[in-house]
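> Each chain is listed here by its residues.
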Amino acid sequence: MSLSAKDKETVKAFWAKVSGRAGDIGSDAVARMLTVYPQTKTYFSHWKDLSPGSAPVRKHGGIVVASITDAVNKIDDLAGSLLTLSELHAFTLRVDPANFKILAQNILVVLATMFPVDFTPEVHMALDKFLGALARALSEKYR
Amino acid sequence: MHNNQQGKMVAWTDFERATIKDIFSKIDYEIVGPAAISRCLIVYPWTQRYFAGFGNLYNAAAITSNPKVAAHGKVVMQGLEKAVKNMDNIKATFTELSTLHSEKLQVDPDNFMLLGDCLAIVVASQLGKDFTPEVHAAFQKFLAVVVSSLRRQYY
Numbered sequence: 001m002s003l004s005a006k007d008k009e010t011v012k013a014f015w016a017k018v019s020g021r022a023g024d025i026g027s028d029a030v031a032r033m034l035t036v037y038p039q040t041k042t043y044f045s046h047w048k049d050l051s052p053g054s055a056p057v058r059k060h061g062g063i064v065v066a067s068i069t070d071a072v073n074k075i076d077d078l079a080g081s082l083l084t085l086s087e088l089h090a091f092t093l094r095v096d097p098a099n100f101k102i103l104a105q106n107i108l109v110v111l112a113t114m115f116p117v118d119f120t121p122e123v124h125m126a127l128d129k130f131l132g133a134l135a136r137a138l139s140e141k142y143r
Numbered sequence: 001m002h003n004n005q006q007g008k009m010v011a012w013t014d015f016e017r018a019t020i021k022d023i024f025s026k027i028d029y030e031i032v033g034p035a036a037i038s039r040c041l042i043v044y045p046w047t048q049r050y051f052a053g054f055g056n057l058y059n060a061a062a063i064t065s066n067p068k069v070a071a072h073g074k075v076v077m078q079g080l081e082k083a084v085k086n087m088d089n090i091k092a093t094f095t096e097l098s099t100l101h102s103e104k105l106q107v108d109p110d111n112f113m114l115l116g117d118c119l120a121i122v123v124a125s126q127l128g129k130d131f132t133p134e135v136h137a138a139f140q141k142f143l144a145v146v147v148s149s150l151r152r153q154y155y
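Line by line, the protein sequences give chains A and B. Just so you know, the UniProt record's numbering puts 23 at position 23 of the first sequence, and the rest follows in order with no gaps. Just so you know, the UniProt record's numbering puts 43 at position 43 of the second sequence, and the rest follows in order with no gaps.
Misleading hints may appear alongside valid ones.
[Unchecked claim] Per label pair, the in silico range of CB-to-CB distance:
1. A:A5 / B:A18: 45 to 53 Å
2. A:K48 / B:A61: 28 to 36 Å
3. B:E134 / A:A55: 17 to 25 Å
[Unchecked claim] With a straight-line cut-off of 30 Å between C-alpha atoms, the simulated DSSO-like cross-links for lysine-lysine are:
4. A:K48 / A:K8
5. B:K74 / A:K129
6. B:K74 / A:K101
7. A:K129 / A:K6
8. A:K41 / B:K141
9. B:K141 / A:K59
10. A:K101 / B:K26
Keep in mind that the hints were calculated from the coordinates and are not lab data. Note that CB positions come from ideal geometry on N, CA and C, so glycine has one too.
Let the hints inform the model, and build the full structure from the sequences given.
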């Protein structure tokens with residue numbers, strides 16, 4: 001399910017539209033992930049506060065969405081551009097890759113709440129493929 | 001994997017019950033059902049394998065305007081409404097539907113959550129910021145119970 005030229009165009013165009021709210025998108029997606037899929041909290045036991053809107057959640061949301069924006073800009077070489085992040089997730093964080101899909105779904109839900117008109121089925125599919133490709137690039141160094 | 005679910009009910013909090021009933025009272029079945037099914041067929045095109053008799057599913061526009069797809073969306077919402085009305089016994093409520101999907105329709109049960117994910121997204125776009133993380137969690141739990149009940153008769 002690799003990204004076609006049209007998928008890349010769709011992702012870039014949509015992301016350009018929404019990146020003004022990047023901070024909110026990231027924060028809400030992480031908050032939702034922790035609330036809706038509480039097993040993901042196991043990776044954040046070092047945080048003082050895991051509630052939606054808390055400082056660690058907002059900060060982490062910002063980090064995640066900045067990486068996504070970076071990946072959109074380097075969409076033609078996701079494996080290359082995510083090499084360091086993949087090593088981080090593989091050797092240090094050791095996040096089970098199944099969780100990438102969970103976070104992806106939460107990102108899509110947030111986009112649906114914030115951009116109901118622009119988040120058409122076509123955009124949804126392109127973004128779902130993109131986040132899947134991102135997840136694969138992130139898993140690259142695991143084994 | 002055991003199937004010793006006798007007498008073991010899903011525990012719903014007051015918030016979860018109220019939230020599910022509230023969501024289903026707010027959403028328009030005529031919009032949400034068709035939108036969720038067509039989104040599923042577009043975003044996960046392999047699910048089209050179960051709708052060979054529906055006519056033109058050639059592209060997103062065809063799927064979105066297909067009357068059989070829309071009709072099926074409403075059928076799905078009516079099924080979900082039964083679960084909302086019987087939240088304490090969704091398992092029993094869906095026994096026949098589960099058998100139908102397993103034996104007659106032969107749907108790979110992994111597809112149920114694909115439709116569930118699309119439904120969450122359509123409901124999210126309808127409710128906007130009212131679809132808070134807590135409301136989302138209640139809805140996701142409801143979907144998980146529905147999917148589990150639909151999987152139950154597969155063997």
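> Decide, hint by hint, whether the structure agrees.
These are the hints, each one checked on the structure:
1. For A:A5 paired with B:A18, a C-beta distance near 47 Å keeps the hint of 45 to 53 Å intact.
2. Between A:K48 and B:A61 the Cβ separation comes to about 50 Å, which falls outside the hinted range of 28 to 36 Å.
3. Separated by about 20 Å at the C-beta atoms, B:E134 and A:A55 satisfy the suggested range of 17 to 25 Å.
4. Proximity of A:K48 to A:K8 is assessed by CA-CA distance (about 38 Å); at most 30 Å being required, the pair is judged violated.
5. Between the alpha carbons of B:K74 and A:K129 the distance comes to roughly 28 Å, so the proposed pair stays at or under 30 Å and holds.
6. A C-alpha spacing of about 28 Å is found between B:K74 and A:K101, which places the hinted pair at or below 30 Å, so the restraint holds.
7. Only pairs whose Cα atoms come within 30 Å are accepted, and A:K129 paired with A:K6 is accepted, the gap being roughly 12 Å.
8. Distance restraint check for A:K41 and B:K141: the Cα-Cα separation of roughly 17 Å lies within the 30 Å cut-off, and the hinted pair is therefore satisfied.
9. Note on B:K141 and A:K59: the hinted pairing holds, with a Cα-Cα distance of about 27 Å set against a maximum of 30 Å.
10. Between A:K101 and B:K26, the direct Cα distance comes to roughly 29 Å. Compliance with the 30 Å bound is thereby established for this hinted pair.
Violated hints, listed in ascending order, are 2 and 4; each of the other numbered hints is respected by the structure.
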